[in-house]
Amino acid sequence: MTKLHQETDAIIIGAGPCGLFAVFELGLLGLNAHLIDILDKPGGQCAELYPEKPIYDIPAWPVITGQDLTDRLMEQIAPFSPTFHLGEMAESLVKTSEGLWRITTDVGTVIEAPVVVIAAGGGSFVPKKPTLDNIDAYEGESVFYAVRRIEAFRGKRVVIAGGGDSALDWTLNLQPVAARVTLVHHRDGFRAAPHSVARMKELAAEGAIDFVVGKLNALAGAAPQLESVSVATAKGDEVLIADRFLAFFGLTMKLGPIADFGLNLSENLIPVDTESFQTSVPGIFAIGDINVYPGKLKLILSGFHEAALMSQAAFQICRPGERLRFQYTTSSTQLQRRLKVA
Amino acid sequence: MKISVTDHAGTEHELEALPGWRVMEIIRDWDLPIKAECGGACACATCHVYVDAAWFGRLPGESEEEIDQLEILADRMPNSRLACQVLMSEELDGLKVTLAPGSRP
Numbered sequence: 048m049t050k051l052h053q054e055t056d057a058i059i060i061g062a063g064p065c066g067l068f069a070v071f072e073l074g075l076l077g078l079n080a081h082l083i084d085i086l087d088k089p090g091g092q093c094a095e096l097y098p099e100k101p102i103y104d105i106p107a108w109p110v111i112t113g114q115d116l117t118d119r120l121m122e123q124i125a126p127f128s129p130t131f132h133l134g135e136m137a138e139s140l141v142k143t144s145e146g147l148w149r150i151t152t153d154v155g156t157v158i159e160a161p162v163v164v165i166a167a168g169g170g171s172f173v174p175k176k177p178t179l180d181n182i183d184a185y186e187g188e189s190v191f192y193a194v195r196r197i198e199a200f201r202g203k204r205v206v207i208a209g210g211g212d213s214a215l216d217w218t219l220n221l222q223p224v225a226a227r228v229t230l231v232h233h234r235d236g237f238r239a240a241p242h243s244v245a246r247m248k249e250l251a252a253e254g255a256i257d258f259v260v261g262k263l264n265a266l267a268g269a270a271p272q273l274e275s276v277s278v279a280t281a282k283g284d285e286v287l288i289a290d291r292f293l294a295f296f297g298l299t300m301k302l303g304p305i306a307d308f309g310l311n312l313s314e315n316l317i318p319v320d321t322e323s324f325q326t327s328v329p330g331i332f333a334i335g336d337i338n339v340y341p342g343k344l345k346l347i348l349s350g351f352h353e354a355a356l357m358s359q360a361a362f363q364i365c366r367p368g369e370r371l372r373f374q375y376t377t378s379s380t381q382l383q384r385r386l387k388v389a
Numbered sequence: 039m040k041i042s043v044t045d046h047a048g049t050e051h052e053l054e055a056l057p058g059w060r061v062m063e064i065i066r067d068w069d070l071p072i073k074a075e076c077g078g079a080c081a082c083a084t085c086h087v088y089v090d091a092a093w094f095g096r097l098p099g100e101s102e103e104e105i106d107q108l109e110i111l112a113d114r115m116p117n118s119r120l121a122c123q124v125l126m127s128e129e130l131d132g133l134k135v136t137l138a139p140g141s142r143p
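Chains as they are written, first to last, in this note's numbering: chain A, 48 to 389; chain B, 39 to 143.
To be clear, the hints were calculated from the coordinates, so they are not data collected in a lab.
Among the clues, some could well be false.
Label pairs and their calculated CB-CB ranges [to be verified]:
#1 100(A) / 95(B): 28 to 36 Å
#2 248(A) / 52(B): 44 to 52 Å
#3 309(A) / 95(B): 45 to 53 Å
#4 92(B) / 327(A): 44 to 52 Å
#5 271(A) / 90(B): 40 to 48 Å
#6 282(A) / 101(B): 20 to 28 Å
#7 283(A) / 101(B): 27 to 35 Å
#8 264(A) / 67(B): 34 to 42 Å
#9 126(A) / 47(B): 50 to 58 Å
Heads up, simulated PhoX-like pairs for lysine-lysine below, C-alpha to C-alpha not over 25 Å straight-line [as the list claims (entries may be wrong)]:
#10 301(A) / 73(B)
#11 88(A) / 73(B)
#12 175(A) / 73(B)
#13 100(A) / 343(A)
#14 73(B) / 176(A)
#15 175(A) / 301(A)
#16 73(B) / 343(A)
#17 203(A) / 248(A)
These figures come from a predicted structure and were not determined experimentally.
For every residue, glycine included, the Cβ atom is placed at its ideal position computed from N, Cα and C.
Start from the sequences and build out the full structure, keeping to the hints where you can.
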């Protein structure tokens, strides 16, 4: 299914700090970009794994959290109006007969550009699955790790597992829609926002939902149709009747489809040259934690530097024959116009 | 001070350790394979290690965040810990751990 077909100068895979800063560096040179990220928000690992963790080695920021850094980068790239394709995974990469790179995502978005920038960090985020026998057989029908459509849960008996914001948010959001919501967590303490926890406990006290402290044991029913989830509690095993099971245990990273893009790989990293950060394939660049070269340091700082050099080389590919004039943002009215400050 | 780390292939390595360092950082510093994708934020459980029985009870206890991360690991054992949550100190000189399968990069 082809959802849309768009052309741009550069397709950036990954909307973490390096992908975002690449928008800026490309933008200064008059190149526009589309970003694809499997997460539903920008920021990558910084925003997903450690939004509150202080980072101390970003130039000019003695201390900044992962989320603040993301927010600042979003503000910095706003003048270049990049197009975000969030919640999508870059699935295939092919060269068109016109010599462009065509990327198709898992939801059918098609984007073409002369330049592709892989800024995928440690790879694609994938949900952590609970260790329950045969869970794969129920996936897609009865077992999910995200809610894409609330309607799919209307009138269903839903068991939700987890103790973070996603588990609590969906317990609250699905309660009015589902026939019954049961939240299972291994302890009576949560990492989620206190007001969500308080609301969940209110609903449980009113009898509008069930909250069970226990450890997941097994799924039962003729796969893919779930019938129940069994849980070990302090009082013994409990069987929770369920049509749907939602598990929110966070995310982890896998290289994903990038491994099949036909690039040289070295232990799941992409070798690049340090002049342009181009990969073994002309027109495809890799910046940030996913690339490797002699002396590589896995620092956000390094990714920013790599984005600047990548952009110079990307310009030559996107605007063949045009001369690239090096300019400073402090003095160039052309750059300042692009930044919408002049 | 030293720690002993058994890698995924079963080879034991004796590593020089510095006080105040996270065990995860020491393992990474000596180039043993450990994923540790969140960089020590107790957010990923990819620095999972098994602590030698003689040492397990001598470590400071797990935080609730660490327990949450350990909870759903397929390869969790009673002596599981996250190496990023164990800070090296004089008392832990000689600590022995084994890299769990899920910590492989």
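Hint check:
1. 100(A) / 95(B): 28 to 36 Å: For residue 100(A) and residue 95(B) the Cβ distance comes to about 30 Å; the hint holds.
2. 248(A) / 52(B): 44 to 52 Å: holds (50 Å)
3. 309(A) / 95(B): 45 to 53 Å: holds (51 Å)
4. 92(B) / 327(A): 44 to 52 Å: The hinted range 44 to 52 Å holds for residue 92(B) and residue 327(A), with Cβ atoms some 49 Å apart.
5. 271(A) / 90(B): 40 to 48 Å: With a Cβ separation near 42 Å, residue 271(A) and residue 90(B) satisfy 40 to 48 Å, so the hint holds.
6. 282(A) / 101(B): 20 to 28 Å: holds (27 Å)
7. 283(A) / 101(B): 27 to 35 Å: About 28 Å separates the Cβ atoms of residue 283(A) and residue 101(B), which means 27 to 35 Å holds.
8. 264(A) / 67(B): 34 to 42 Å: holds (40 Å)
9. 126(A) / 47(B): 50 to 58 Å: holds (51 Å)
10. 301(A) / 73(B): Holds, because 11 Å separates the two Cα atoms, which is no more than 25 Å.
11. 88(A) / 73(B): holds (24 Å)
12. 175(A) / 73(B): Roughly 15 Å between the alpha carbons, so the hint for residue 175(A) and residue 73(B) holds.
13. 100(A) / 343(A): holds (23 Å)
14. 73(B) / 176(A): holds (18 Å)
15. 175(A) / 301(A): holds (11 Å)
16. 73(B) / 343(A): Distance ~17 Å between residue 73(B) and residue 343(A) Cα, so the pair holds.
17. 203(A) / 248(A): Within the cut-off at roughly 21 Å; holds.
In summary, the structure agrees with every hint in the numbered list given earlier.
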